[in-house]
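Colleague: Chains as they are written, first to last, in the numbering used here: chain A, 486 to 681; chain B, 50 to 116; chain C, 108 to 1498; chain D, 250 to 308.
Just so you know, these hints were derived from the structure itself, not from any lab.
Among the clues, some could well be false.
Unchecked claim - Chain A stretches covered by chain C per the calculated footprint, using a threshold of three residues with CB under 8 Å from any CB of chain C:
| no. | region |
| --- | --- |
| 1 | 512-521 |
| 2 | 636-645 |
To be verified - Keeping only pairs whose Cα atoms sit at most 16 Å apart, straight-line, the calculated EDC-like set for lysine to aspartate or glutamate is:
| no. | chain 1 | residue 1 | chain 2 | residue 2 |
| --- | --- | --- | --- | --- |
| 3 | C | K1495 | A | D532 |
| 4 | B | K57 | A | E608 |
| 5 | A | K519 | C | E1050 |
| 6 | D | K252 | C | D111 |
| 7 | B | K57 | A | D532 |
| 8 | C | K175 | D | D253 |
| 9 | C | K971 | C | D989 |
| 10 | C | K1436 | A | D532 |
From the three backbone atoms N, C-alpha and C, an ideal C-beta is built for every residue, glycine too.
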Amino acid sequence: MVARLLDLAGIERNRVQLRRVSAAEGALFANYVKEVSQITTELGPFDTSKYRLRLAAIKRALGTRRLRWLSGMEHRLSIEENVYGEKTNPELMQEVLDESIQSEYHKALILEMLELQPLSVREMAEISGLPVYTVSLRLNELENERKAEFHSHEGTTARFASLVASPMSEAKAADDSDYPLLKDSDHIKVQKAVSH
Amino acid sequence: MSDNYEPKILAFLCNWCAYAGADLAGVSRFQYPPTLRVIRTMCSGRVDPLYIAGGLINGYDSVFISG
Amino acid sequence: MEGDPGHFSARVYQTPRYVDISKCTSCADCEAVCPVELQNDYEEGLTTRKAIFKKYTQAIPGTYAIQKTSPAPCKLACPAGLNVQGYVQMVKMGNYKRALEIIMEDLPFPGILGRVCTHGCEDACRRCEVDQPVAIRDLKRLAADQYDPREIQLSSKPKRDEKVAIIGSGPAGLSTGYFLARKGIGSTVFEALPEPGGMLRVGIPEHRLPREVLEKEIEVVTNLGVEIKTNTPFGPNLTIDQLFQQGFKAVYLAIGAHKGIELGVPGENLKGVRQGVAFLKDVALKGTTEIGKKVAIIGGGNVAIDVARSAIRLGAEEVSVIYRRSRDEMPAFKEEIQATLDEGVNIVYLSAPQEILSDDGEVAGVRCIRMELGKTDSSGRRSPIPIPGSEFDLEVDQVISAIGQQPDLSSLTDITGLEFSRWGTIEVNSVSYATDIEGVFAGGDAQAGPWTVIGAVATGKEAAESIERYFDGVDMSAGREIAPIEDVEYRPVDEVEPGVDRVKMPELPAAQRAGNFNQVELGYTEEEGQSEASRCINCSYCSDCGLCVEACLPGAVNHMELPVERDLDVGAVILTSGTDVFDPAKLEQFYLYKHNPNVMTSIEFERILSATGPTNGHLVRRSDDKEPKKIAWLQCVGSRDVNQCDNGYCSSVCCMYAIKEAVIAKEHAPSDLDCAIFNMDIRTFGKDYERYYERSKELGVRFVQARVHTIEEDSNTGNLLLRYATVDGEVLTEEYDMVVLSVGMEPARSAVEMAKEIGIELNQYNFVQSEEVAPVASSKPGIYVAGVFQGPKDIPHSIMEASAAACAAGLDLSSARGSLVKERVFPEEKDITGEEPRIGVFVCNCGTNIGGIANVPEIVDYVKGLPNVVHAEHNMFSCSQDTQEKMVNVIKENNLNRVVVAACSPITHEPLFQETLKDAGLNPFLFDMANIRNQCTWVHSDEKEKATEKSKDLVRMSIARSRYLEPLEYLTVGVNNPALVIGGGISGMTAALGFADQGFPTTLIEKTDELGGSAARQLKKTWKGSDITAYIQGQINKVENHQNITVLKNTEVVDSSGFVGNFETELKVGDLSQTIKHGATVVATGGRATDTDEYLYGQNPRVTQWHDIEENLDKFDDINTVVFINCVGSRDESHPYCSKLCCTASIQEALQVKERFPDARIFVLHRGIRTYGEREDLYREAREKGIIFIKYTPETKPTITEVNGKPEVLVFDAILGRYIQIEADLVNLATAIEPEENNAVTSAFKLPVNEDGFIMEAHVKLRPVDCSTDGVYICGMVHYPKPFEESITQAQAAVSRAVNVLCRQQVNVEPIVSTIDQDLCIGCGLCIKTCSFSAIEAETIEGLGVRAKNISALCKGCGVCAVACPQQAIYMNHFNNDQINAAIKAGKSIA
Amino acid sequence: MSKDVIGAVMVVGGGISGMQSALDLANSGYYVYLIEESSAIGGVMSQLDKTFPTNDCTM
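Okay, chain A solo, but in the shape it has when bound (with noise of 0.2 Å):
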């Protein structure tokens, strides 16, 4: 899932790498070590300020309860049976994960542009590279979830602002400059003291 967000955002799915190591294997993990580094380092360094906006959008889209859910489920879905004993063709669960993702991670990305300010559809599209069409069809969606809404008119421009304030601007609200990926909420822990 990751892998496709990255693809989505345009970063090399390179950067992350995943390795089977056992406790007893050193030499494989230290084989491992160089491999990965020798594909970082063709990959280059990677500059965070040109992709912030792409990385926020993934990071909210990997927090929505869709994502999650299909992250979560994805492999009961696809190997087990359901109650009927039928198992689900893995083209079709295949297509049904790509679509899902690319959509959250447009409308995140969507979300993110308009955290900055209330911006049009094509604004939009010229910022994020994404075709009008798709810009409008997720705003819709947006709309429907009620995370976005029409703003205000500019001439014939019509601009839409977001109603859900994102993880990002949470954090910034909170604390220091950097971004807090997830926050966990205070009463987990009184609840925690409280339960044994």
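Given chain A's structure and the hints, the job is docking chains B, C and D onto it.
Modeller: Showing chains B, C and D alone in chain A's frame:
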């Protein structure tokens, strides 16, 4: 690529498999480039996709997960 | 070992490690300096290791140990007791300084003795058993030549004020002065001659001992403050009383033996006749002396040879040495005799002088007489007898006699109280060298008679010791006798490769020797010395060179450690002494094992495959390091073999490990590796083994049914030719790159000896004799056995037996449970809620492991600058005892509430530091480790700055993470201790009794209405033939009226909830339900033989299965042909596994039929007979009794048709190559075994079941009795089909595992678990599905609906649920999001 | 069975069986003396690379 450019790689190593494997590489003195910044987790399953995104946002050049 | 069950006292001998476990940090600095290379047994001799070694990298205890036996033969042979092996090893390493330090511990004159010593050590050198002895003397000289002995720093005791007078500056006198000086006692040496050195000066000519060497080494003594007064002969104006008056507290007489012995022949006092010693003295002192043209020298010792060679150098034209015996008896050095012959001296053997002829007062000749050798005289040499009438004359103008010396006692005779022996030597106490006069001692040649230089030095050393004791008023001879050392196991000689001959000492060519006294032996070059020194075979392993002591920073090495004999008072003993792998060297002529390096045992192959092995896991041939293309495995080497070795049993594991090695080898080898396993039958009978075997076929492993008898070798390629006959009789030869011998197991030799000693009965194969009804008990009550010492078995079975033995031992001692176990008590924990983080950082140097690469002080300074860090320091070894105590104080003084240690790996050391935090009253989870050793300095050792940078980053990440650490409490869960056993068969009953006898109340439930299970119904005898019906009935009675067991028949499990220690299970007893609370559950629902519709079973009464044939034997009387068919329904699609029992059962029944109907023809149709372990004897017995075994394959299955009422079997016989027809009277089938229906139980306790319906254990190999849900254990056939005694073993094992939990009041659970926030949770159940430990359950809370709830006791803290939760409602203790994010950010940013 | 029973067991041999017995006994409240001939426990199993049938590493 200038040779002094040293990539920074965020590594999530599972405590029972990869981390122990890395220790063994150390004991047997297998040399490898000092690019890793290791975070030990109880299992590779613990690595939330958000951490991967977090890693890239924070400027790591790549993220390496080993179970 | 004595005593009786419950109270044994065992005497245990502990060999010293010579390394203190509490101090050693296994940093390996000592190993780097150790000179001794030994065979590494752990690597099966493929690599070498040092005398100080760690058995393997991950060894526990992870510290070093030194292998050392008693002092080497060379050290014992040397009169002065030099540590020969020590300095020879130092010369090998080129460390001449260290070599001299070792030598000069016992000898002040390395250079001198390096040239003139009689080297008794070389005769004792065990290298003689290989080729020639090590040239020890020449190596000592090399050390003295390479490094100046005068610069060696010698340890000496503090100065004392007593003074000693030493008479005579020979080797004895000077060395006494040397040893006294080192004891802080000053001494003055009085020498009669103008030059010091005694015989060294005047007795040994310069071509053997150059002057500068003598001068240099005398300086060694004088540098220590010994004063030498020359030209002061002992006598009238220098008497003992005067010396005592001058303040000397002791006198040491070392005047040597300078007087020659008269020839006792007429004409002796003619002018031309003189004494050899006087001759040498003149040459030494005056540089020359008058010499005749033709010189005759009488005598055969070193003095005679020295005189002869000196005479040649002084210009004598013709020199002849006259010796009354033959060359072999000459006492002079062999190499000296050879040298003198080279220099033109002729030696006249077997003749003695009778008279010296004179011509007007001048010597004109010498009349000699021929001798012949008679009987050996007292000196051990054959005494010479003159042959009458064999006189002959030698025309000479000078005669020098050198037939021996004796002390010149002229100056001593008037000393009252001085005794003399009949050889004219001073009489002393043989141990203390004290004369009868108080304060007067004697030594050297004057006391011992003419002896070696090293002997004189030795007397000097002993005398110095006595004088010191004399001054201290201590008994001079107490504890100084050297106890003889018997039956020492030195390093075996066969470990040494012969063929490296002794390095020849380079010599001055004979031509250049005339006319000068230049040194003849030129001494070794460094290369020659080092290659000669490497011939030393290190007899006592460690050479005591002491380098490791210096190299060890924590000072953990202690060579003085003594072996300890301890008496252990124990209640029970368990023998798990394991196995020695069969050594195929005995069968070398067949397998070329030692001969060709490419033939190796399976253990060696394991080492080759191991990532930590000699080739780091790279699969290469040993002969040329090439990657093999074809490897062959030969099965049953040393097993199932009664003609070449008497191991008639099958070792049970070789087939499986051969397949595994083939599969793993294929993984290692890049190209397509061809693996072939030559076998008689492939025995994969264990759980999941058959699938493993099938999968290996898919991976391309070839199985050739043939037993290769001999291996030939293609000598130039090193390849191996295997000749074998295939099933259909064709003889093939194949060439292989490597051959692996699947060697079997033998009981460990040391274990067999021990068992005999403590009176344990062994069976014919030397495994422990045990009954089937008590498989882990031995013949001696209270002593149990487990593992391979009980019989050949695989690891899962060994582990089951280990637990069973633990249960049996526990049973005996349950009254004393917990009596000797100590609980560690910690100070009260400080509450830190609300405090700002106060972080303490401890960076470790780990000797040079970290400090040598990363700049530790720089890291410490950097860390001081980080926020919340209130204290930072670095230590040499953080894990050492003293640093731990220091850390506790630092934590308290600085009121720290977080601790970060930057050192090695948390996996190995986190618990250790957590204990330290507890000692400081801090919650152990407020701690984090940065791994800057294993994952940084050790792996970036050549990039020092980058390693330092990386270390800074890693420490910063740990600090960032530590800011978010929270105190966590161990979750304690109460345990109620009744046990529930499900299934009343043999296993169930054994388990129930196991619990009940230990005092745990037990409920045994049985589905049917009677106990005994399938075994009771079917099994009459075990494979060994012992009748078990009585035993089963006995068990049933015991169970039914045991006061701790409640038996519930016709009972089934409905449902169960709770977790380990707290189960609540609902039962249906008959038709009323009942719930019980219990702490552990043992599932023993057993298995049963399946019925089949093949082979007319059920249609023809003559076709029976398993043991039912016994009824048919009584029913029918026309029994003359019986056919057994194995693998009916096993190892095919319906049951793709081996039911393990059938082969043994069929053969057992076949033998019974043969017994009752001796002339019946019996056939066994099989797909490979799997009589594993000692069951192989049954198979052999069956073959001997004429039972015919026919192998069929799944494709050529036999068929049965009914011909007038009798089953007629048609089967293809591969050996005959055609079908054969058997009219059988009876047919018996061995059908597959399935588990009894167990859905109710498996769903109630959430137990996973494999495809065949058997319950899956936590780990098929290492935890074969536990289930993945803690607190539930399985045993008997429900786990997998197994014979009667293995069911009993597994039942006892299950009890032992369960008692681990039941015996406690409460169970501590690691707090690293997940916590679900039920407000955020929407009850989607995703976490419940993803948790593989079923540690989350759904709970309905009114008003909220369904919510997920943790079962912390079962949670392993992996965190998979936290990732899967769409609501991000799960919080992971100790690895929560804040901590991980902080670490991610810290890794990159500077702050 | 002698009268004063001692709650300790001597396990002779530090291989896989010895270690398992020792662990079981220690966890069941008995004091264990584990007697090993060589300088470290582990026995023959520690020399193996992988174990069947799961191909786990033996370490």
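Colleague: Now tell me if each hint is right for this structure.
Modeller: Structure-based check of all given hints:
| no. | hint | result |
| --- | --- | --- |
| 1 | 512-521 | holds (count 3) |
| 2 | 636-645 | violated (count 0) |
| 3 | C:K1495 <-> A:D532 | holds, 13 Å |
| 4 | B:K57 <-> A:E608 | violated, 35 Å |
| 5 | A:K519 <-> C:E1050 | holds, 15 Å |
| 6 | D:K252 <-> C:D111 | holds, 10 Å |
| 7 | B:K57 <-> A:D532 | holds, 12 Å |
| 8 | C:K175 <-> D:D253 | violated, 40 Å |
| 9 | C:K971 <-> C:D989 | violated, 24 Å |
| 10 | C:K1436 <-> A:D532 | violated, 39 Å |
Going through the hint list in order, the structure does not satisfy hints 2, 4, 8, 9 and 10.
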